[in-house]
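Protein chains: 4
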Amino acid sequence: EDSFTVAGRTFTSRLLVGTGKYKDYEQNARALEASGAEIITVAVRRVNLTDPDKPMLVDFIDPKKYTFLPNTAGCFTAEDAVRTLRLAREAGGWDLVKLEVLGDQKTLYPDMPETVRAAEMLLKEGFQVMVYCSDDPIQAKRLEEMGCCAIMPLGAPIGSGLGIQNPVNIRLIIEQANVPVLVDAGVGTASDAAIAMELGCDGVLMNTAIAEARDPILMARAMKAAVEAGRMAYLAGRMPKKKYADPSSPLGGLI
Amino acid sequence: EDSFTVAGRTFTSRLLVGTGKYKDYEQNARALEASGAEIITVAVRRVNLTDPDKPMLVDFIDPKKYTFLPNTAGCFTAEDAVRTLRLAREAGGWDLVKLEVLGDQKTLYPDMPETVRAAEMLLKEGFQVMVYCSDDPIQAKRLEEMGCCAIMPLGAPIGSGLGIQNPVNIRLIIEQANVPVLVDAGVGTASDAAIAMELGCDGVLMNTAIAEARDPILMARAMKAAVEAGRMAYLAGRMPKKKYADPSSPLGGLI
Amino acid sequence: EDSFTVAGRTFTSRLLVGTGKYKDYEQNARALEASGAEIITVAVRRVNLTDPDKPMLVDFIDPKKYTFLPNTAGCFTAEDAVRTLRLAREAGGWDLVKLEVLGDQKTLYPDMPETVRAAEMLLKEGFQVMVYCSDDPIQAKRLEEMGCCAIMPLGAPIGSGLGIQNPVNIRLIIEQANVPVLVDAGVGTASDAAIAMELGCDGVLMNTAIAEARDPILMARAMKAAVEAGRMAYLAGRMPKKKYADPSSPLGGLI
Amino acid sequence: EDSFTVAGRTFTSRLLVGTGKYKDYEQNARALEASGAEIITVAVRRVNLTDPDKPMLVDFIDPKKYTFLPNTAGCFTAEDAVRTLRLAREAGGWDLVKLEVLGDQKTLYPDMPETVRAAEMLLKEGFQVMVYCSDDPIQAKRLEEMGCCAIMPLGAPIGSGLGIQNPVNIRLIIEQANVPVLVDAGVGTASDAAIAMELGCDGVLMNTAIAEARDPILMARAMKAAVEAGRMAYLAGRMPKKKYADPSSPLGGLI
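These protein sequence lines are chains W, Y, S and E, in that order. In terms of the numbering used here, the first sequence has 101 at position 101, counting the first letter as 1, and numbering is strictly consecutive. In terms of the numbering used here, the second sequence has 193 at position 193, counting the first letter as 1, and numbering is strictly consecutive. In terms of the numbering used here, the third sequence has 195 at position 195, counting the first letter as 1, and numbering is strictly consecutive. In terms of the numbering used here, the fourth sequence has 248 at position 248, counting the first letter as 1, and numbering is strictly consecutive.
Hints are computed from structural coordinates only; laboratory data are not their basis. Accuracy of the hints is not assured; some may be wrong.
Since the list gives no way to pick out one identical chain from another, each pair is judged satisfied if it fits inside one copy or across any two copies.
35 Å max Cα-Cα, derived DSBU-like pairs, lysine-lysine [unchecked claim]:
no.: 1; residue 1: 124; residue 2: 242
no.: 2; residue 1: 54; residue 2: 141
no.: 3; residue 1: 241; residue 2: 65
no.: 4; residue 1: 242; residue 2: 21
no.: 5; residue 1: 124; residue 2: 241
no.: 6; residue 1: 21; residue 2: 141
no.: 7; residue 1: 23; residue 2: 124
no.: 8; residue 1: 241; residue 2: 54
no.: 9; residue 1: 23; residue 2: 242
no.: 10; residue 1: 124; residue 2: 243
no.: 11; residue 1: 64; residue 2: 243
no.: 12; residue 1: 241; residue 2: 21
no.: 13; residue 1: 242; residue 2: 141
no.: 14; residue 1: 243; residue 2: 21
no.: 15; residue 1: 141; residue 2: 106
no.: 16; residue 1: 23; residue 2: 65
no.: 17; residue 1: 64; residue 2: 124
no.: 18; residue 1: 106; residue 2: 124
no.: 19; residue 1: 124; residue 2: 141
no.: 20; residue 1: 241; residue 2: 141
These numbers come from a predicted model, not from an experiment.
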């Protein structure tokens, strides 16, 4: 069966989903189930993981059933990100993490030098680091060489739904990578996810595209199918594009 | 359950596949099964429907299990098309048909005046006519008004694999149509099929994209998933596109 | 010097402009001058050509200096179009005309069968017919074979400013044509016009892109430069696209 | 008159050209003249600036007439780049320079951390640094804050001719910049240059698109016109895009 392995763990679903923007944890849980995802990335600074007096994510989504991937959404410095992930490790024992260090509020693009610095600190502390990054192949390579276990280039600004803006860069990153490459951010609808997979990505992470669809549960199912479709199309090897029409068979052979 | 109805028959699969370019009827049958299609369009002038001394399509694909949709591939005049479909009706009793009258060999685009003329003749003889047409909304409307039971605009030249070239026109055709609209021709890979469905099409017909993939059976499965993904995404209502990033929650609320 | 010839008349400017949506005839005249156009297409049913008690177009734009190309904007039948152009011929002696027969108000796409019928009538009456048409290469060929002196496929809906939606079709039309091909409708900004010319068009006609720019006179100058740029790029023969970077010279040869 | 100012020098031409891939210095000089460029960027490590026994660039292109902008093409470390520009300053007194520190041979993308380090060193030594960078807005902002006098994001891999791959990023860089932004690398034909300018860039630098056109001199003229067209279209304020057609005037008002 088709699968991908990150930090020694093997997954068959190539769709990763988030925990932001849902109406409540219950809707989040239902979308997660509909998506077929095995990994849920958790915004540690936004999600209640520890206060038993309030609704807790783990009451709706079982960390034994799903891989929780703590992330550092909302962190703008390496120190903030590292502190956040230390808390997550203490709270749930999670050491496979998704690092994001943001550069500004308008784009929510990563601050790449801070990201590299944070990755260094986390790797030294024994974390397994999946890393949100720009689609710059040179920086992606550097993060891999440092020891990051997955490269997660952005397809478009977080929450924009614009789809992959620069397929050339995503392709270049994939061609050179020896660790999984997952497109993170930018997917808006099903075909965007299929396109990411057709480029050869190992997976796609999304949040807003599901949570802000008119019907998030149905969109979660759509995304499951889209990621599978794109993956199969990649493996099946698409037909070449042609400049002109190509009839089904020699027309001379007609009855 | 989600379905569409054409000429009084209801289908749950929105993927239609063809009979050209496969290695043999057996591969064609396996691709058909993998695709989940309920309708197979049959090039009457190319496929052996009547000579028992040669391999016959119906020995591999059961007309009781699948809806056979005879088509007029290779016909360049209304008379040729009508004659071809009369033969099909005599051979198998099929009166739900797909009309295509081609304009030239280089593009395999329809000759629209001949198509209109052929449609008139066929409708008069009691055929139910699904019609391959250009993506011109004015001509599509006319074909519907004449009584065609489905409009099948091209997405790109037959066999080109270029994907939908003019989504504006496909959208305009869908907005005005009261019969099913199915994109016919041009799909090259899974995301192309998803895009067609996200535009609001009722279905997609393809042949080369499956038959000329490196692994046609796997591509048939990919296309099944892609059409379902695109349809669900359409029904789920995609998120709006945004010019800038949109964080998962007010950053002011961070720890 | 680079030029194109239509109906025996030779023009060096490949930009054609219109008479709609301007504040007044004076602005129209200034935009025309800034555009460098030699041909101005005149909506006979909207522009005052005959009533001396109101401002007349010919008082601002000299028919001796510019080629007036009467058009049938607003006509939805062949008879209307023919009648309109007869009036124009009586009023100004113009027999080089631009035919458009519209199919509906939402798209302002041509009704192609009515267009063909009108073209037949006009050709019989000795008009030189430049014809607004869909981007269907089969229909474009037919119009040329009937004797139309220029083919004017739409790039996008009139007044939409969406740019050329289907470059594949425009290319196919150009490849087969023996008369000038001019993109008519759809241009929104300078690069759209350049793209049309790079495809090998003989010219571009536009109205809204200039008239509804914030500064119509400056946009007219922009369009002049864009059409020239696209034409020169077409003639100069662009570099091939490459999948990877290509350094300026062998890096081994560095100091 | 429209102009832009970098490091206190004002230019009216917004097209910058290079010195690579031409047949010889003479062709380079003729292309430069046809382009109308006032700035020529000189690959210090490839161009003969000092050896009087061989053809010298300055014998064909007069440094008093054109602004020579020495660049560090072929440098993969900050040290190499700095050394190269010191040589250039000694040779010709040039202190307005274009920095590029490459990350690998396949993409010729910049190594951004090395670029930042090199920029720091150069700024300390009093150079005026125009800097080739990725299209990452966060890194572009940092380079501006350090004191670089112009930001030069890539549109696509050097020499690829693919056109601007990520207009969203170029737009984001322009929106935040207080120094000139010039697209550097990726332009393949005239419309690509117009698109760059329509996004609001202050200028475009290109080399291969001119040098590897079939007719470099004519392409240089095309690019001159395209940059002017794009700039004027930007200043003129383009019409809004519309989903449907928009007639030239109320159809009710027809004759």
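Status of each hint after checking the structure:
1. Within a single copy, residue 124 and residue 242 get their C-alpha atoms no closer than 51 Å, and across copies no closer than 38 Å, so neither meets the 35 Å cut-off.
2. Taking CA atoms no more than 35 Å apart as the test, residue 54 paired with residue 141 passes in neither setting, with 42 Å inside one copy and 41 Å between copies.
3. In this assembly of identical chains, residue 241 and residue 65 lie within 35 Å of each other by CA distance solely across copies; the values are 33 Å between and 43 Å within a copy.
4. Taking the shortest Cα distances, residue 242 and residue 21 sit within 35 Å of each other only across copies (15 Å), while inside one copy they are farther apart (43 Å).
5. For the homomeric pair residue 124 and residue 241, neither the shortest alpha-carbon distance inside one copy (47 Å) nor that between copies (39 Å) is at most 35 Å.
6. Taking the shortest Cα distances, residue 21 and residue 141 sit within 35 Å of each other both inside one copy (32 Å) and across copies (29 Å).
7. Taking CA atoms no more than 35 Å apart as the test, residue 23 paired with residue 124 passes in neither setting, with 37 Å inside one copy and 53 Å between copies.
8. With identical chains, the CA atoms of residue 241 and residue 54 are at most 35 Å apart between copies only, with a shortest distance of 33 Å across copies and 55 Å within one.
9. In this homomeric assembly, residue 23 and residue 242 come within 35 Å of each other (Cα to Cα) only across copies, at 20 Å, whereas the closest approach inside a single copy is 46 Å.
10. Proximity of residue 124 and residue 243 under a CA criterion of 35 Å is satisfied in neither setting, with 53 Å inside one chain copy and 37 Å between copies.
11. In the homo-oligomer, the alpha carbons of residue 64 and residue 243 never lie at most 35 Å apart, since the shortest distance is 52 Å inside one protomer and 38 Å across protomers.
12. Proximity of residue 241 to residue 21 under the C-alpha cut-off of 35 Å is restricted to the inter-copy arrangement: shortest distance 16 Å between copies versus 39 Å within a copy.
13. Taking the closest pair of Cα atoms, residue 242 and residue 141 come within 35 Å of each other both inside a single copy (34 Å) and across two copies (22 Å).
14. Taking identical chains as interchangeable, the C-alpha atoms of residue 243 and residue 21 lie at most 35 Å apart only when they sit on different chains, with a minimum of 18 Å there against 44 Å within one chain.
15. In this assembly of identical chains, residue 141 and residue 106 lie within 35 Å of each other by CA distance both inside one copy and across copies; the values are 26 Å within and 13 Å between.
16. Proximity of residue 23 to residue 65 under the C-alpha cut-off of 35 Å is restricted to the intra-copy arrangement: shortest distance 22 Å within a copy versus 44 Å between copies.
17. When the C-alpha separation of residue 64 and residue 124 is checked against a cutoff of 35 Å, the pair qualifies only within one copy, where the shortest distance is 27 Å, while the shortest distance between copies is 56 Å.
18. Taking the shortest Cα distances, residue 106 and residue 124 sit within 35 Å of each other both inside one copy (31 Å) and across copies (31 Å).
19. When the C-alpha separation of residue 124 and residue 141 is checked against a cutoff of 35 Å, the pair qualifies both within a copy, at 19 Å, and between copies, at 30 Å.
20. Taking the shortest alpha-carbon separations for residue 241 and residue 141, both the intra-copy value of 30 Å and the inter-copy value of 25 Å come in at or below 35 Å.
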